[in-house]
Each structure stands twice: as C-alpha cells, then as structure tokens.
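Asks: Sequence:
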Amino acid sequence: MKISYNWLKQYIDIDLDHKEVAEILTNTGLEVEGIEEFQSVKGGLEGIVIGEVKTKEKHPDADKLSLTIVDIGRNENLKIVCGAPNVEPGQKVVVATVGTTLYQGNEAFKIKKTKIRGEVSEGMICAEDELGLGTSHDGIMVLEENVKVGTFAKDFFKIENDIIFEIGLTPNRIDGASHYGVARDLAAYLKQSENIKLQKPSVKEFKIDDESNIIDVIVENEEACPRYSGITISGVTIKESPEWLKTRLRAIGLNPINNIVDITNFVLHETGQPLHAFDADIITGNKVIVKTLPEKTKFVTLDEIVHELSSEDLMICNAEKGMCIAGVFGGIHSGVTENTKNIFLECACFDPVYVRKTSKRHLLNTDSSFRFERGTDPNNTIYTLKRAAILIKEIAGGKISSKIVDVYNKPVKETEINLSYNNTDRLIGKNIEREKIKNILEWLDFKIIDDTKDGLKLLSPTYRVDVQREPDVIEEILRIYGYNNIEISDKVNSTLSYSQKPDPEILKNNISDLLSDNGFAEIMSNSLTKSAYYDNLESYKAENVVKILNPLSNDLDGLRQNLLFGGLEAIIYNINRKNSNLKLYEFGNCYSLIKNTDGKDILDKYYESQHLALFITGRKNESNWNSDKENSSFFYLKAYVDNILDRLGLKPDKMEKESGTSDLFSEFLKYKSKNKDVVQYGIINKKNLSIFDIKSEIFYADFNWDNIFELTKSIKIKFEPLPKFPEVKRDLALLLDKNINFEKIKELAFKTEKKLLQNVILFDVFEDETIGKDKKSYAISFILQDINKTLTDKQIDKIMNNFINIYKKELNAKIR
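Residue 380 in our numbering sits at position 380 of the sequence shown, and the numbers go up by one each step.
If you're looking for bench data, these hints aren't it; they were derived computationally from the structure. What you were told as hints is all true, and nothing was included just to trick you.
No more than 27 Å apart at the CA atoms, straight line, and that leaves these computed lysine-lysine pairs for DSS-like:
1. K744 x K814
2. K200 x K399
3. K729 x K654
4. K814 x K794
5. K687 x K547
6. K583 x K672
7. K200 x K393
8. K651 x K716
9. K676 x K716
10. K436 x K197
11. K158 x K239
12. K738 x K670
13. K110 x K56
14. K738 x K808
15. K729 x K798
16. K716 x K754
17. K638 x K620
18. K695 x K638
19. K754 x K808
20. K676 x K508
21. K113 x K79
22. K809 x K657
23. K92 x K113
24. K654 x K751
25. K246 x K154
26. K287 x K393
27. K687 x K638
28. K54 x K79
29. K746 x K674
30. K148 x K42
31. K746 x K724
What follows is a set of in silico ranges between Cβ atoms, one per label pair, in the way DEER data are often shown:
32. D63 x K239: 36 to 42 Å
33. T366 x Y636: 51 to 57 Å
34. E747 x G519: 30 to 36 Å
35. G519 x D555: 26 to 32 Å
36. D555 x E743: 38 to 44 Å
37. P471 x K197: 29 to 35 Å
38. L459 x L496: 45 to 51 Å
39. I761 x S627: 21 to 27 Å
40. K501 x D646: 17 to 23 Å
Source: prediction; values computed, not measured. The beta carbon of each residue, even a glycine, is placed where N, CA and C say it ideally should be.
Just need the whole structure built from these sequences, with the hints factored in.
Replies: What follows is the structure, given as structure tokens:
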C-alpha cells in the first residue's frame, strides 16, 4: 500500500524528515518496506525557466526554422533555433537551458549547446508534451503576458515533490489502509512529546439542495450487507480532474480517469471506505436492490469480461438486472461515462466473508475488495458519503438532489473491553504511567466509560475490527508507547541444560536429511534376526551372535551383528513387488558377543555399536523419455559415501584406505582414520545375495557411527572467504600397468605438491590391446590454485613437470 507524505500532511501538521516518519510508522506496526521519490512532472522541470522572445528571424538555410533571441532574466540573452510555427516576438515562453534533461515517455535527452544548419542554438523553447505538462505538440507553449521573465518553471507550474512510503499492511491492520488512518497512528505517537493536532476534513458544508431525484434502496440480504447508504447528485459535468487531484492519485500509482471516478478513488484512499458511483439514469425503476441473483446468471464487468455468477454472490441491482458485484467490481453498463449527467453515490458496508468468497471465485482483486475482505467501519458510511458529495459538487458541479438513504437496521455497537492495569504492566514488562495509558487510548479513539484505580472500562472504535479483547488493547498501548522504550531487565531467568557437543541426535538428523533429500528412503529393520545368516561368514562369525534364550522362532533367534541382512530382506520384499530401483538407508544398533576362552572366571563380553547402512540397486533414475537408462555402480555409491563424510567434516582424501574382497563383498573399499574403522563399502558378493534369491547387483556401505561420532568431536569448522584468484586446470594422459589404481596417482600428486594442488580428477579410462594387454590409460585433470596471487605459466609448468617425473619414477608411467 502506497502512502503519500504530502497527502499525510493535510491531516497532521508536521515537518519531520521522511526517514524519521518511516521509522515511527514501522515501530507502530505499519512497516515501511520501501521509500521512493515522486514528482508531479518527471524531472521536476529542473533547469527550465520562463523567457521572453525578443526577436525572430528566418533561418538562412532552412525554411521551417527561425532564429530567435530569448531573454531569460540573466546577463546575456540566448540564441535559440526554433522550429515551431507559432513562435513570435514578445511571447512569454518556457525555455530549457543548456544541461537540462527533458523526458518524453520513457526517453530522456539532454539539452546541449549546438549548431543547427550552421547557426548556434543555446537552448530549446518547449512545447507542452516536451515538458510533460500535456500532450499537445502543435507549437511552443505560450504563457500569459504578465508572467515574470526568469521565473523558474517548477515554481510557476507548482511542481510537487513528494515522498511515497510503501507500507506492508498486515491483515489485522485494515484501520491503517488509508491516509487518515496512517496519520492517526503517526499523530498518536507524536502527541507523547509534541502538541500535535490531527485534522479530519470537515463535512459541515454538506447540505441537500432539493429532492428532485429520489432513488429507493432495498436490502434483501442484510447479513451480507449490514449497512447501505446512498445519495443522488444531479447535473454533474464529467471532465478531467483538477491537477491537484490527479497528482494525489498519480503519487500512489493510480491513473486518473475522470473527475467522478477520481473523487471516489481519492476518498477511498483518504478514509479507507470504498464508494461506487452509478449513472442514475441507468437505474431502472428508481430502485437499488441489494440481493443475490440465480446461479450462472451472466454479468459483464467493467473490464468487459463475462462472469457466471454464483447464487451466493451479492449484487447491486436495479429493478431489472444487476449493476455491480457488491464490494468487488462494477458492471460495464452502469458506470459513469462522459455522457453521465446524474449519479447515484453508494457507500456501504459488506460482510467480509461474502466479499472474500466472491473475489476469489471470480479472481477479481480490487482496492475495494481488499478493504471489504478485511472489514470496514459500518459507522463511517455517512461521513464518507458527505465528504465525497462535497468534493463532487466542488469539482464536477451539480446539486445534491436527495436525502441520504441509509438502510441500517442492526447498528453495530462498539466493543466493550475491561482493561486491568496489573495485566497491562505484566504483559508489557513495565509500569507505564496511568495518565499516559489513558491518553494513548483516547488518541486512538477508544472511549473511557469507567475509570478506577485497578483499570478502565473501554469502548473500542468500530473501525478497529481486530481489537476485541484485553490483550488487543494492551498491544495498542505498547505499539504507540514504543517497543524500544521498554528497558531490558538486568535479571534473566533461565533453566540451564547441558547439551552434548556435538549433539548425537542433531548429527544423525543432518545425515538423515542429506540422504532423504537425495532420494533415499529410510528403513527400520528388526534387531532380531536369523543367526543362520552368519554360519558361513568369517568376518561375522556365528559364535559371536548374541542368542535369544527363549526365541519365538528360528528366524528370530539372535541379535544382528550388522545391518546388511535386514536391508537385503527389505530389498527382496520391494523387488518382489516390482520396485527394483532402490536407495535405502538405516541407522541401527548392532550387537556381538566375545566369549571368554581363557578358563578364568570372567564373564563373556557383549558389545553394542551404532551403524549407518546404505543400499543402492537398480537404475539411478526411473525410466523416462529424455534420459538414458543408467544403472547404479560402485562409483555412484562412492559419491554418496564421500558426500556423507564431507558433510561430517571428515575428509576421505586424508584417510587410510584398504581395498580387496571378503566374504561379504566381491569388491570393497575401506576407510580408516586414527586406526578406527570409518566405513566399508562395495558390491555384495553373489553368495550372500543367493540366500535371498536376489539377481541384481547390490551396492552396500557400512558406516561405524560410534567411531564417526568420536572423530567428529575433534573437528573444528573453519570458515574461509572464497578465493579471489582463478584456479588453473591442466590435464595429463598416463599409460600405466593395470594393477595401479587412481588412488595411488592421487596420493602421489598431493605428496608432490602440497600447497597449490586443490584437486585431482579422473575423467577417462581407456583399455585396449593396442596400448598393451596389461596396460590402461588414465586421463587426469589437476586443479591448481594460489589463494594469494594468480599463478604464472612458469609455476604451472614446473608443477606439471614434477608430476610427470614422480609418475615416471614411482609408477613407471608413460606420458601419452
């Protein structure tokens, strides 16, 4: 919502800096989200003065140009070449001097001293459209003879500079959806320290001229329309609005239309109460009927769109048909046009629920519906009607030709609220002077009907639809008194609790979120399992299973030693139900028994540890028309393993690595740090898969979560700014023996260049008999970067030569 500072000053006499005003409004609950400058004419006519044409001569080299001498009230007259046909000596004209910027639409051009067909021109005599004062371009703008030469154009044309506040209005503060409403809050805040007066426009001049054009009002649905007020004004002249009115509307982003429509828009943004003007001659039967129409009745709105009405849409109708969707949008055939002579002015209060449903049903959002949806003041219709009628008579002429028709059978009363001083002090956190509390409430239009030492009995104004209870009143007191005026107590009450660092639950949740966000589904397997799974394993022996003394079945006779078999059970369950592309993870405890075998009377030892398991099988993505069918792989799993460790602050590149095969894996890779197992991952061998009749490859990772948690305790997060200098990428193709893996190449690279090497990337592997039966070719990228300066070619070449030499020496590599 846009609020004009100049407009505000019509109701409150202040001269504060606009930034201070913005701060006050924000502190009182009307948050200023933006501030912009507005000029009634773009550019403010800066650099433009009133001049007098002294002489005129024909241009020697152009038939349509004239050479003029113009006096602008300075020491020397200006020579100006003018192409206007109506320029003559003795005229008072508007002159743009050298350096002035003129605006025409979205284009701008600067006036320069120049030569036109060989003759010097030191400015420009302007037409209306060139100044932004009109649309005429028939000739230069000629002023009255009594205008003083040298007068600044911005003063002569009374150019207005304004500040516009963009207010983010919250739904509960519809009382602030007007200039007067904002001025009321501003005045209440300033009255605490200054003698500020809030001036509401007077309607004392309102009077009825005659009763020659009476239109009856019938409200059939009083639930949807609690109050409907109206009046007729006859003999109006529809024309362009005066400049002051157009400026007010343009300042808040509205386009002027005609004087009647502009007045209704002006009063809406002044008071917050919507109005609607009907062409009175279109109201057949001289009746306005507020009612609903049959389902699917066709109705054409002002934007020429045909709407099918609901039987719940409230309509403003004449004796024959609908004229307006109540509180939302007018009809195309009943509005004010250039031929309108008599108008019926409506000012009503509509039920917010009806308006909200209708607005959403027809996708119509207007300034009127915005206010009606949040609740308008039913006791403000008569004042608003009088205010608009006075302005219409003043600007459009005519006479008030009927009494005010007012259908208000169930008047809305002010809400009675009891305010306790003790509750006020307790909720605010400070004892505010009782007199100041009463003053603030009176400044906000609350009526005090009873005053005791314990509190007040109040009547809340009907425009404050959000103030219904004691806490609402206390909030009103606090926002005007000032949140910033509540001192921070020297005493803090707190319940202290110890939280382990790092917090194990937070750590686990972070990794769960990471996996879930990457398409993994969490599973929870039974801790009880079949001990026979471990009968033929070396790494997890059957004798280490913690047996259940009284098992319910042979399938649940022991506690699991790992998470693998529970995961495989879940996988085959899904595969049997045609869900074969899986990414699963599980956090769970694993158990083992180490029996005492030394003959001494020492108890067996039981161990419990927490693990994280990942399972991947099938395709990476579901089949679709625009992507290839790509199966999961060991490296696909490796990427997730490395991402998890990076997320925990553990660097895979700096860990000890071990690879090979085992009774669980046909191929695996194991990471260790500080002699502790971190993770082991790879491809599950077919022997274990055959137990479940699984035919597809299963990629499995087993994280020792207890060891990981211990390692994370010593990790300190270090924040560094992004490097200012570019990184450099250089590639090498190495011909190597087949038994040399990429990890060895990477390890040698970081040992050779510890400072500037940032990363080593394998981007291609080639194997073919043409390069040797026991050979393979690696294509590798080396990322180099110095955080303090840009690397030179000499530095880069030296580093790359070092890499080549170490690979030749250590790996017997050949550079391809």
